[in-house]
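If you're matching them up, the sequences are chains A and D in order.
Counting from 330, one number per residue, gives the positions in the first sequence under my numbering.
Counting from 4, one number per residue, gives the positions in the second sequence under my numbering.
Honestly, the hints are just simulated from the structure, not real lab data.
Only a predicted model underlies this, so the values are computations on that prediction, with no experimental measurement involved.
Glycine included, each C-beta is placed from N, C-alpha and C at the ideal position.
Some hints could be false.
Quick list of simulated restraints, FRET-style, between CB atoms [unchecked claim]: (1) D/Asn167 <-> A/Pro349: 15 to 23 Å; (2) A/Leu569 <-> D/Ala151: 52 to 60 Å; (3) A/Ser434 <-> D/Asn205: 24 to 32 Å; (4) A/Asp615 <-> D/Glu142: 27 to 35 Å; (5) A/Lys640 <-> D/His60: 19 to 27 Å.
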Amino acid sequence: MAKGTLYNKVLDKHTVRILPNGKRQLFVGRQVGHEVTSAPAFETLRERELEVACPHLTFFTLDHVIPTDCRDRPYKDEQAELMAKTLEDNVAEFGLEATFFEPDSDKNGVCHVTFPEQGVIWPGQVVVCGDSHTCTYGALGALAFGIGTTQVGHVLATQTLAMDELKVKQIRVSGDFKKGVTVKDLALGKISALGVKGGVGFVEEYTGETIDNMSTEERMILCNMVVEGGARAGYVNPDLKTIEFLRGREFSPLWYSFPAAIKSWMEIRSDKNAEYDDIVKLNVSDIGPRVTWGVNPGQSISIYGEVPLPKNDEEKDELEYMDLKAGQLIQGIPVDVVFIGSCTNGRLTDLIQAAEILDGRKVKVRTLVVPGSEEVKKYAEAMGLADIFQKAGAEWRYPGCSMCLAMNPDRLEGYERCASTSNRNFKGRQGSPTGRTHLMSPYTAAATAVHGKITDPGRFVK
Amino acid sequence: MNEIIEVKGRAIPKPEDNQNTDDICPARFLKEITFANMGKYAYFDERFPGGQENPDHPFNNARYKGANILVAGANYGCGSSREHAPQALKRFGIDAIVAVSFAEIFAGNCEAIGIVPVTVDNERGDLSYLLKCVREHPEDPVKICVAAQEIYFADEMSATIPCNMPKARRQAFLDGTWDILSVLQQDPKEVERTMKRLDYLNW
Numbered sequence: 330m331a332k333g334t335l336y337n338k339v340l341d342k343h344t345v346r347i348l349p350n351g352k353r354q355l356f357v358g359r360q361v362g363h364e365v366t367s368a369p370a371f372e373t374l375r376e377r378e379l380e381v382a383c384p385h386l387t388f389f390t391l392d393h394v395i396p397t398d399c400r401d402r403p404y405k406d407e408q409a410e411l412m413a414k415t416l417e418d419n420v421a422e423f424g425l426e427a428t429f430f431e432p433d434s435d436k437n438g439v440c441h442v443t444f445p446e447q448g449v450i451w452p453g454q455v456v457v458c459g460d461s462h463t464c465t466y467g468a469l470g471a472l473a474f475g476i477g478t479t480q481v482g483h484v485l486a487t488q489t490l491a492m493d494e495l496k497v498k499q500i501r502v503s504g505d506f507k508k509g510v511t512v513k514d515l516a517l518g519k520i521s522a523l524g525v526k527g528g529v530g531f532v533e534e535y536t537g538e539t540i541d542n543m544s545t546e547e548r549m550i551l552c553n554m555v556v557e558g559g560a561r562a563g564y565v566n567p568d569l570k571t572i573e574f575l576r577g578r579e580f581s582p583l584w585y586s587f588p589a590a591i592k593s594w595m596e597i598r599s600d601k602n603a604e605y606d607d608i609v610k611l612n613v614s615d616i617g618p619r620v621t622w623g624v625n626p627g628q629s630i631s632i633y634g635e636v637p638l639p640k641n642d643e644e645k646d647e648l649e650y651m652d653l654k655a656g657q658l659i660q661g662i663p664v665d666v667v668f669i670g671s672c673t674n675g676r677l678t679d680l681i682q683a684a685e686i687l688d689g690r691k692v693k694v695r696t697l698v699v700p701g702s703e704e705v706k707k708y709a710e711a712m713g714l715a716d717i718f719q720k721a722g723a724e725w726r727y728p729g730c731s732m733c734l735a736m737n738p739d740r741l742e743g744y745e746r747c748a749s750t751s752n753r754n755f756k757g758r759q760g761s762p763t764g765r766t767h768l769m770s771p772y773t774a775a776a777t778a779v780h781g782k783i784t785d786p787g788r789f790v791k
Numbered sequence: 004m005n006e007i008i009e010v011k012g013r014a015i016p017k018p019e020d021n022q023n024t025d026d027i028c029p030a031r032f033l034k035e036i037t038f039a040n041m042g043k044y045a046y047f048d049e050r051f052p053g054g055q056e057n058p059d060h061p062f063n064n065a066r067y068k069g070a071n072i073l074v075a076g077a078n079y080g081c082g083s084s085r086e087h088a089p090q091a092l093k094r095f096g097i098d099a100i101v102a103v104s105f106a107e108i109f110a111g112n113c114e115a116i117g118i119v120p121v122t123v124d125n126e127r128g129d130l131s132y133l134l135k136c137v138r139e140h141p142e143d144p145v146k147i148c149v150a151a152q153e154i155y156f157a158d159e160m161s162a163t164i165p166c167n168m169p170k171a172r173r174q175a176f177l178d179g180t181w182d183i184l185s186v187l188q189q190d191p192k193e194v195e196r197t198m199k200r201l202d203y204l205n206w
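This is chain A alone, in the form it adopts within the complex (with noise of 0.2 Å):
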């Protein structure tokens, strides 16, 4: 088993007793969450007579289900208006008011945004989230993985969970970015090299020159994308970038705290001899712009190159279910939609990479850009950059996950092919039965839209 690590030092902190059956039970140093996870666990509490425990360790947003267009209350789906009321009303019942982040308040947004942005997430917690990309946060630091409604219950109840044991696994990363080429592009790439399933098991610890160069958003996408490879959590050892990106948030530590928070930070950095189970070493100068041709994340190719061949039955259905015949170049065929946000690809310095491709030109088809939080969306809009997407002809929308999973209208329409900057492909996932989508980055997604049929951005990009 791995020593020395991040992951060794954070769980042996946050370890209360080792449970009968083996398993840890850990303290959650934060729980936050959204509407769509949290309901049945608000009840199991009304029906055992319980409270939260820690309600001012206990954040919620509302995300998946506001509507991106017009927030008049009530919302004109009533499953929507119902789901949301339902937060508030729990919220209002529990006394977690002052940790809401509700609609329309300039803390709401994207829970995977908004967390990290208002400072909420700091390096050495367990954080937990009923949402699988909850391992956004390994970015800052913090060991967080997604759990099940079940364990959000759990957690409101005693702030902790029972955990087993993972394994660690170190990806080293070197080499530089090519022109174009962006961190979603070496997610989509990796999860390609080493399989939907090769994560599990698995903490993946993100380090090396690569990681040590990118700014704490661009780590974000990476972690993001962690459990699409199969992994429960990934992880960036916490770095001068971090100390920079959490200094002064709202929800950060108080400024008297600040030094003392710093020196805590830096001693839970994986030890230089630390031991790993797994080791695996990328390089991203040679990874181009990358586009998913079937229906798992897994399933990227080159924005050169062409559809594969089926390797089985399975993959010869996604391609019929896709409308793709093997040996076709992927890029130049044409989408019906481009969708910009998601907890993957929603923050500033994704919609600065879009807008710089969109900046005096036209889209050839629908574009939905969602800024991932209140936030951002304020950033942006004072930037010009909502000036650039509306000139260009795309919808400017509010803050949401959007057609990321298209719980609100948001979503695709019959046969429609998707070019998303999201993070999962999976059949129906956008809203149609038999809708299309395509994963890429901000700026392939652009230049698709430009287009209006997948696009090599590398001309595009200054």
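With chain A fixed as given, assemble chain D onto it according to the hints.
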């Protein structure tokens, strides 16, 4: 406590590899506030393509009606951590799943609501054998013995195959600690001691 020593019933085949949580319960049904209706949505898009019932889908097929043991392929339940998919199966009537392998979060979610996930070794053809038996004789009883980690079928045990699950999970079913909330509530003093150790709680 809620011990689960064995699961008895009949089996239903769904052996395609990489069945994800959206296959099992399409994402648009996540909007439901509680899990009460999830049973109706199990495999909805496959069972009712374009709104038309597909009578050949195992979950519609009368031969498997009332079956409670799902026989699945590799990487079953990959995708999302949300519990709607296992809840859909549970409320459809599934009490146990036999698969070549599971997505980890999914198997954990199954355990948490009392669905027993076990794996079988298909390199020896165990899954194929089980599938063949189930398809030829869907009326035959099947029993998963959690303690012995064996699957019995046909006329009480003329045939058995070994199955596996992590030791901790097996123990959780056997001693009832899969209902973990009650276990977590047992030692509040130790939780307080842990909190004292966490410097960041004072920042």
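Hints the structure fails to honour: 4
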